[in-house]
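> Chain residues, written in single-letter form:
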Amino acid sequence: MGTPGGDLIRVMAAGDRDAFARFYDRYAPFVFPFVLRIVRDRADAADVLQDVFWEAWRGAAAYDSARGTPEAWIITRARTRAIDRVRAVRRRGETFVAAVDEATVGAPTPPGGDAAVRAEERQLVASALAQLSEAQREIIELAYYSGLTQREIAERLAQPLGTVKTRIRLALARLREAVTPT
Amino acid sequence: MSHEPFETLAAVYAAGALDGDDLVQFEAHLPGCAECQAAVREAQDTLARAMLSARPQTPLPAVREALVRRVERTRGAGRRAWLTWAAATAVVAAVAAGFTATWVAVRYEARLGQMARETAAVKERLTRNEAALQEQVALYRGAVELLRDPATRVVDLRGQGTAASASGRMIWNDAGGGHLFVAGLPPAPAGKTYALWTISGGTPRAAGLFGVDASGRSAHRIAPEVARGAVGVFAVTLEPEGGTPAPTGPIVLASK
Ligand SMILES: [Zn+2]
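Sequence order for the protein chains is A and B. Sequence positions in the first sequence follow the working numbering and run 73 to 254. Sequence positions in the second sequence follow the working numbering and run 79 to 334.
Bear in mind the hints are in silico, worked out from the structure with no lab data behind them. There's no promise every hint is true.
Far from chain B, some chain A residues (derived; all Cβ distances over 10 Å) [stated by the list, open to error]: (1) A133; (2) R153; (3) A207.
Label-pair distances were calculated between CB atoms; the ranges are [stated by the list, open to error]: (4) A:L233 x B:A116: 18 to 28 Å; (5) B:P109 x A:D88: 32 to 42 Å; (6) A:G87 x B:D234: 53 to 63 Å; (7) A:A160 x B:R231: 43 to 53 Å.
Quick reminder that beta carbons are idealized off the backbone N, C-alpha and C, glycines included.
Could you build the full structure based on these sequences and the hints that come with them?
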C-alpha cells in the first residue's frame, strides 16, 4: 500500500506506467465485483473494467482532489460505464428477447440452480449495505446498481416521489455511518 | 422553507437518481452553493467506500495484461507520431524555402482568417450560453431568496383540459411577488401566448405573459408590484399575443 491513491493518480498523470500498474492492482479487485454486480456477466464486466482503467490512465491529469476522493473518482466512472453497458446490451437484446424466451422455455435448471446464483450475487453485494434495513438497501440498489431515476423508483415501488427522495437521503446517511470507522 | 430541500436533492443527485425539474433546479443551484458541493462530494465518497466494501475479486490476469500493453503502446505510438511529424516538418521547411515568401504568406493568411472566424463564432456561442445560464442561475437564486421568507407559500398547479400532463409550481409571497416554474406545457401556437392570472375574491388580475421552451418548460418571475393582497387561486390561460385585460382563452394550468 503506502502511497495514497491521489498521489498515484498524480504520478500516473505524468505518464508513469508503473504507477498505473499499482493503481490497477490496488483498485481493480474492488471495482471488479462492483461492475460485475451491475452488468451480471463476467465477459462484459472484464470489458467495462478495461474501459474504466483505460479512461483513468488517459484522464489522470484531470483528477482534482478538491472535487473528490480517488475512490469516488474511480467508482463514479465505473458506475457510469457499467450502466451504459447494461443499457447497450438491453437495446441489443430487445430484438432477440422473444426468440431467446422461446428457446429457454422448458430448459432444465442448471445444477445448483438459483441457490448457487443467489449465493454468488450475495458475495458481490457490498458488505456495508448489509448494515442498512431491507428497504434502505433496496432503494440504494435501485438507484446505484440498477441506475433507475427517482421517478422510475417511485413507479417501481408505487410510492410518492417525495417519499423516494427522503428514503434515498436517509439511506445515504445510514450508509455514511456504516463506512465511517468508529 | 429553507435550504433543506436542496440537501435532499444533493443526496439523490449523488446517488445518480435525480431527474426532471429537480435535476434542472439542482444543477442551477449547485455551482453557487459550497454547502451542496460539499454534500455531493461527501455522499459520492460514502457510496464509493460502501461499494468498495464487497469481498475483493481479482479479475482475470488477461485484463491487466491487455491494459498494460495498451498503455505501453500509446507511449510508443506517441513517440513515433512525434518523429513522423518532425520529419514531415523538416521536409515542408525545405520545400517552402523554394517558393516565394508571398505565396506562403497568402496561403497562411487565408487559413488564419478562417481560424479567426471560427474562433469568433465559438466564442460568441459560449458567451450566449453563459448569459442564458447566468440568467437561469439568477432566477433560481431569486426563488431561493423568496423561499427564505416564512410568509412564502409553495402552490402546485395542475394541467387542465388538453394540457392535462402539464404541471406548475408557484413560489408566492403576497408582498414579494413570485416565481412560476412550468413543465410539460406545449409551445403556444403562432399568435398566442400563455397568461398568468392571480385570482382573489373571484377577480382575476393579470400577472404577466410567458412562453415555454422547446421542451415545454418555463420559469416566469412575477414582480412584487403585481402582488397586491392575498391571492386565492393561480391560473394560466392561452391568450392572443399581447395579452387581454381579463382571461378569455382556455385554462391550461390552475391551483386548487
Ligand atoms: Zn445548496
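> Now tell me, hint by hint, if it's right for this structure.
Going down the list of hints, with the structure as the test:
1. A133: 14 Å, holds
2. R153: 13 Å, holds
3. A207: 15 Å, holds
4. A:L233 x B:A116: 18 to 28 Å: Distance hint for L233 of chain A, A116 of chain B holds at roughly 25 Å.
5. B:P109 x A:D88: 32 to 42 Å: 33 Å, holds
6. A:G87 x B:D234: 53 to 63 Å: 55 Å, holds
7. A:A160 x B:R231: 43 to 53 Å: Roughly 46 Å apart at Cβ, these two residues keep to the hinted range, so it holds.
In terms of the numbered hints stated before, the structure departs from none.
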